[in-house]
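Chemist: All chains should be built: construct the whole structure from the sequences, respecting the hints.
Residue numbers (this note's numbering): 1 to 141.
Calculated from the structure, these hints are not laboratory results.
Accuracy of the hints is not assured; some may be wrong.
[Unchecked claim] Ranges of calculated distance between the beta carbons of each label pair, as one might list FRET restraints:
id, residue 1, residue 2, range
1, A79, G118, 34 to 40 Å
2, D106, R24, 36 to 42 Å
3, D34, R119, 37 to 43 Å
4, F89, R24, 21 to 27 Å
Using N, Cα and C, we set each Cβ at its ideal position, and we do this for glycine too.
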Amino acid sequence: MPAPVVHRAARPAAAPLVPAQTPRRPVPQLRPTDHFAELLLGVLSGRRPVHSMLRHTVGRAYDDLAHLAERGPLRTRGASPVVRDIGYFEPRPGALEVFARIGAGDRLRALAFRLEQGRDLRWRCTAVEVGGPRRRRADDD
1 MPAPVVHRAA
11 RPAAAPLVPA
21 QTPRRPVPQL
31 RPTDHFAELL
41 LGVLSGRRPV
51 HSMLRHTVGR
61 AYDDLAHLAE
71 RGPLRTRGAS
81 PVVRDIGYFE
91 PRPGALEVFA
101 RIGAGDRLRA
111 LAFRLEQGRD
121 LRWRCTAVEV
131 GGPRRRRADD
141 D
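Modeler: As structure tokens, then:
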């Protein structure tokens, strides 16, 4: 009896392996609350110049931010400050009152700011405070 013939399938030429393509998801956009918290943190920690906020502020917010930045309330010697938590209240459509907890090591600071959406649909900061009451101005009366 003849030996059984074993047939082997011919191997195809080595084709380049292409990983399966996963559907592309849109890159998530930062919420305006997150974006502004990071911008303000950069200025108040000394990592960004105050003038970088000119197009992102309106009214007295820029002056208040410049005054705060002079004092450097979020500058640290050890760990870099980071935004740990953000919350907000929407008093009306197109306005957000935001609070953020800023942490550096085991120290926490509070950051509060208000955002308003303009007719061009861009968000701008209209007020900013760090860990305490706003400084009194002569024209507040």
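Chemist: If I claimed the Cβ atoms of D106 and R24 lie 36 to 42 Å apart, would that claim hold in this structure?
Modeler: Holds: the Cβ-Cβ distance is about 40 Å, inside 36 to 42 Å.
Chemist: Given a hint of 37 to 43 Å, does the C-beta separation of D34 and R119 actually sit inside it?
Modeler: violated (23 Å)
Chemist: Given the range 34 to 40 Å, decide if the beta-carbon distance of A79 to G118 lies inside it.
Modeler: Once the Cβ atoms are compared, 36 Å apart, the range 34 to 40 Å for G118 and A79 holds.
Chemist: Does the Cβ-Cβ separation between F89 and R24 fall within 21 to 27 Å?
Modeler: violated (35 Å)
Hint compliance for this structure: hints 3, 4 are broken, all remaining hints hold.
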